[in-house]
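Engineer: The lines below spell out each chain.
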Amino acid sequence: MKKLARTLALFLSAVMMLGVFSACSSSGNSGSAPAQASGSTAAVSASAAEPGKPDISEEVTLTMYLIGDRPVDNDMVFEKINERLKEEINATIDVKFMSWSEYEQKYPLIFASGEDWDIIFTADWCFYNAQATKQGFWEITPEALETYAPMTAESMYPEAWEQAQVDGKVYMLPMNYQELTAYVWMARGDLMEKYSIESLNTFDEVEAYMQAIVDNEPSMIPLDVGSDYDRQFVFDLLWNVESNARGDDRYAVLPPSSLITCVGENDAQANVMSTLDTDIFLDVLTRVKDWKDRGFWSKNAVVNTQNNTESFQAGKSALAVMNINTAKSLYATLQAEHPEWDVQVFDAMNGAPATIQSYLANGMSIFSKSKHPERALMALDYLRNDEICHNLFSYGIEGVHWEAVGEHGLKSLPQSTNYAYDGNCNWGIRNDKFWRTVEGGIPNLEELTDTWKANARSGRYLTFVFDDSEVKNEVAAVTEIYNSDYKLLQLGFTDDPEGDVEKLKAKLESAGAATIREAFHTQVLEFLEKHPVE
Amino acid sequence: MKKHKSLLLKDLRENRVKWLMILPAAIVVILMCYIPMGGIVLAFKEYNYHDGIFGSPWVAFKNFEYFFQSGKAFTVTRNTILYNIAFLLVNTLLQITCAILLSELAGKWFKRITQSVMFFPYFISWVVVGAFVYNMFNFEFGAVNTFLEKIGADPIDVYSNKAVWPFILIAVSAFKNVGYGTVMYLASIMNIDSQLYEAADLDGATMWQKIRYITLPCIRPTIVILFLLAIGTIMKGDFQMFWQVTGNNPMVLDVTDVIDTYVTRSLLELQEFGMTSAAGLYQSVFSFILVLLANKLVKKVEPDYALF
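Quick note, the sequences are listed as chains P and E, same order. Note that the numbering used here has the first sequence beginning at -3, numbered continuously upward. Note that the numbering used here has the second sequence beginning at 273, numbered continuously upward.
Hints were generated in silico from the structure; no laboratory data involved. Some hints here could point you the wrong way.
[Unchecked claim] The calculated lysine-lysine pairs, modelled on DSS-like cross-linking and capped at a C-alpha distance of 25 Å, are: (1) P:Lys468 with E:Lys434; (2) E:Lys344 with P:Lys501; (3) E:Lys448 with E:Lys434; (4) E:Lys383 with E:Lys448; (5) E:Lys434 with P:Lys503; (6) P:Lys165 with P:Lys367; (7) P:Lys165 with P:Lys190; (8) E:Lys344 with P:Lys468; (9) P:Lys367 with P:Lys82; (10) E:Lys422 with P:Lys312; (11) P:Lys499 with E:Lys282; (12) E:Lys434 with P:Lys501; (13) E:Lys344 with P:Lys483; (14) P:Lys483 with E:Lys448; (15) E:Lys344 with P:Lys503; (16) E:Lys434 with P:Lys288; (17) P:Lys503 with P:Lys285; (18) E:Lys334 with P:Lys503.
[Said to hold, decoys possible] What follows is a list of derived Cβ distance ranges for each label pair: (19) E:Phe333 with P:Ser254: 57 to 65 Å; (20) E:Ile561 with P:Gly110: 26 to 34 Å; (21) P:Lys367 with E:Pro296: 18 to 26 Å; (22) P:Arg290 with E:Trp330: 51 to 59 Å; (23) P:Gly395 with E:Pro296: 53 to 61 Å; (24) E:Ile307 with P:Gln161: 37 to 45 Å; (25) P:Glu139 with E:Ile307: 36 to 44 Å.
As the structure is a prediction and not an experimental result, all values here were calculated from the model. Note that beta-carbon positions come from the ideal geometry of N, C-alpha and C, so glycine has one too.
Just chain P, same shape as in the assembly (with noise of 0.2 Å):
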C-alpha cells in the first residue's frame, strides 16, 4: 500500500511536471512528430549505412518492465545474458519490476509517467488492448520485423500474429508457444492426512477439507483469497463446471469479464445477455456464498491485498488456488523449504475443459515512447529466438539453477529457489523450440496434463475483441460496478442472493449495460461472420 501512495504521488507529480514540459514545447502537434521522424530517419540512416543490417554503433541500456518480485539471483542471470547482448547488438538490459499486488494500479501509470522505459510484458490479461488502443506501444509493422528481428519473422506462428492485431496493427509479440491454462487445488499433504482427507478431486472433498480445517485449525484460514487477481477463481471455477455442464449450451463470457455480459457458445444469433441473467448463477453465488459464511476465506477478504499463493506458502492458509504454471514453480519452491508440509495438487477443473490459451496469454511490447525501439525489438528477437538468452531468461544459469536432462527436460538444482524455473515473467519470450520441462517437478503432473489435453479446447471468443470507443461511459460505469458491487458477489459477500441480484441488475441498466450489451450483438455477429459456428 505505501508503494502505491509513493507511486500515485510520483504520478501525480509527474502529471504535473508533464504539464509544465508540454505547455512549453509550443503546439500540440509538434509533440508526434519528431518522434516519427527521428524513427523513420534512424531507419533510413541505418539501412544507407549497411544495406540490410541496423545500426548498432551506439551502445545503449534498455529497461524492461517484468511483473512479480525480483528473483534473488536476477541481476546474475541478467548479467550473463547483458554479455551475450551487448556482444551482438552492443545493448544491455536493465531489468526493473512491478511486483503482483501492484501491478494492476501501477502498470497504466508508469505510461503517463514520462518515465524513460523501453521493453514491458504484456497480455490480453494484462493490458494490452487497453494500452495499444492508448497509443502506448509502438507498432512492430512487418517491414520492422523483418528488419531488426528476422529470427522472430521467421519463427512466429502466423495465428499469433494475426492475434495480437488491434484494428490491424501488432502492438506485441506473442510468446512462440502453445499453452494450456487449468487450474488447480494446492493443498497440505501434512493437514490431509491429519483429518483424513485422500483428494481434493470434486469440490466436495474441497469442501470437506475446507470444513476440517475450519473446525480445527483455528489460527489458520482455509483459502485466504485476495481482493486482487485471485478473488475471482473459485467463482469462475464453478461457474465454468455448472456452464460447461449445459453441453453445447455452455456460456462464454465476452471479454473483457469487467463488462458481466456472455453469450451461448453455439449461439448463432448472438443472443448477448448479462451474466447475472443466465440460470447458472445463483447456483454459483450460493455456493460461494455458503463458502464465505463457513469462514473458507477471511470476512476481510475484499482488504485483503496479500494473494492466497502468498499467504499459502507463508502458511497461514491450508489450500491455495492458481493456475497449473504458477503451481509448477510455487510446488518447486515449497519442496524445498517446507519438505514437511507435504505439499499436494489437484486438478480444481472437475471436468471443465481447460482452455488452449490465445498466443496472447503471454507477449513482449516496446513502448512508444522508447528511444530505441529498433534495439528493444532486436533485443526481444535474442531473446526469444537465442537459445543461451532464452534458457538463462526462462531456467537461470545452466550448472547453478539448473541441468539439462535430455533435449526436452530439465532438473532444478538447489540454487533454484533463487531463481525458479519458468518463474521470472519470462513467459512473454517463451519458445516451443527451446522449451524444457522440468523433472521431478509436481509428481502427478503427467496425469493431470493429460486429462487437461483430452478435452481441451480453445474457446470460440478467444480472439474476439470489443470496440469500446462508441460506449466508453457506459464502460466506465459497468466497469465500476464490476470493481465493488460485482466483485462482492463473486466473494460470496451477500446476505440475500436473490435480492442482490435483481439490485445490481437493475444498477447495470441504469448504468448502460443494455447499450453494451447492443455493442457487442453487433460486434459478435461480425465475428461470427468471420468464425462462423458451424
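The hints should help you fit chain E onto chain P, whose structure is shown.
Structural biologist: The following block gives chain E in isolation, referenced to the frame of chain P:
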C-alpha cells in the same frame, strides 16, 4: 494604469526585503498550483499516450457524462462535504477543549509531555494508521474480536458494516489532527493578556466564567481563520486517510467514497485520464464556489476576519 504600475515599482523598491521573503512561497504556488492548471484541458480530451496532454483530440463535455450518468457524483459529493463538516466540528471542538484544559493545568512537565504525546500521531503516516485499523478490526485475528472472544461475546464484523465507518473515520481523523490544532489554540490562549485573568480573579470569577468570558472571546479570531481555511478544503477528501483506512473496501463504499478516492479508483481501473480529470475539475470548481460563499458569509457577520 500607468500610475498603478509605477506604484507597484515603487513598492518593489521600497519593500525589497519583504518581496524577497514572499518569493519562495510565490514560486512554489506558481509551480505547483498555477502551471499544472494547464492540465485542466485533459478533462475535455480523449487522452492517449502518444499525443500527450495537449495533442490528444478534443471531446468537449463527453468526459463529464460518465461521472453524472453513473449516479456517483451525488454520493461522493455528499460524502465529501458531510465528512469534512463532521471533521471540522468534532476536531475544532476537541482541539479547543484540549487547549483550554492544557492551559489550565499547572504542572509544567505534565503539560509538556501531554502536549507532545497528543502531537505525535500527526507524524504517523496514514498507511500505518490504516494498518492499526485493520489489525484492530480484522474479523478473524483482530484485536477487538480477540478481546470479545475472550470475554465470551460475539465477534463483530466491522468491514461489512456500513454504519460504523463514519464513526471510525471521524475517530481516526481526530486521533491524527487534534494534537496539531491544540497547539495552535494553546499558542493563541498563551497570548491572552494575563491582566484580564487577574482582574477577573479580583472580581471573584469562577474558572468557568473566566473561560466563557475571557478565553473563548479572545481566541475567536483564531477559530474563525482556521475555520475559513478548513472551508477551502471542504471538497477535498483527505485521500490518504480514506484510501488507507478503509482499504478501498467495496462493501462500505456508499458511505466512505469521497471525490478523491473515486477519482483515483476510476483512474486505476479504467485508465481513462480524461474522465477522471473531469471529476477532478468538478471538484475544484465546486470547491472554489464554496470558498467564495463562505468568505462572503464571514464578511457579512465579521467583516474584519474575512480572508479577502
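Engineer: Each of the hints needs a verdict: does it hold here or not?
Structural biologist: Here is what the structure says about each hint:
1. P:Lys468 with E:Lys434: Since the Cα atoms of Lys468 of chain P and Lys434 of chain E sit roughly 31 Å apart, the hinted pair is violated (cutoff 25 Å).
2. E:Lys344 with P:Lys501: Since the Cα atoms of Lys344 of chain E and Lys501 of chain P sit roughly 17 Å apart, the hinted pair holds (cutoff 25 Å).
3. E:Lys448 with E:Lys434: 22 Å, holds
4. E:Lys383 with E:Lys448: Holds: Lys383 of chain E and Lys448 of chain E sit about 19 Å apart, inside 25 Å.
5. E:Lys434 with P:Lys503: Within the cut-off at roughly 19 Å; holds.
6. P:Lys165 with P:Lys367: 21 Å, holds
7. P:Lys165 with P:Lys190: 56 Å, violated
8. E:Lys344 with P:Lys468: Answer holds: Lys344 of chain E to Lys468 of chain P is near 16 Å, not above 25 Å.
9. P:Lys367 with P:Lys82: With Cα atoms ~18 Å apart, Lys367 of chain P and Lys82 of chain P stay inside 25 Å; holds.
10. E:Lys422 with P:Lys312: 22 Å, holds
11. P:Lys499 with E:Lys282: Answer violated: Lys499 of chain P to Lys282 of chain E is near 69 Å, above 25 Å.
12. E:Lys434 with P:Lys501: Roughly 22 Å separates the two Cα atoms, so the pair holds.
13. E:Lys344 with P:Lys483: Holds, because 18 Å separates the two Cα atoms, which is no more than 25 Å.
14. P:Lys483 with E:Lys448: 32 Å, violated
15. E:Lys344 with P:Lys503: 12 Å, holds
16. E:Lys434 with P:Lys288: It holds: about 19 Å lies between the C-alpha atoms, which stays within 25 Å.
17. P:Lys503 with P:Lys285: Holds, at roughly 21 Å.
18. E:Lys334 with P:Lys503: At roughly 21 Å apart (the allowed maximum being 25 Å), Lys503 of chain P and Lys334 of chain E satisfy the hint.
19. E:Phe333 with P:Ser254: 57 to 65 Å: Between Phe333 of chain E and Ser254 of chain P, where Cβ atoms are some 25 Å apart, the hint is violated.
20. E:Ile561 with P:Gly110: 26 to 34 Å: Given a distance of about 33 Å, which is inside 26 to 34 Å, the answer is holds.
21. P:Lys367 with E:Pro296: 18 to 26 Å: Violated - the Cβ-Cβ distance for Lys367 of chain P and Pro296 of chain E, about 35 Å, lies outside 18 to 26 Å.
22. P:Arg290 with E:Trp330: 51 to 59 Å: 54 Å, holds
23. P:Gly395 with E:Pro296: 53 to 61 Å: 60 Å, holds
24. E:Ile307 with P:Gln161: 37 to 45 Å: 40 Å, holds
25. P:Glu139 with E:Ile307: 36 to 44 Å: Hint holds: Cβ distance 41 Å, inside 36 to 44 Å.
Hints 1, 7, 11, 14, 19 and 21, counting from the list given before, are not met by this structure.
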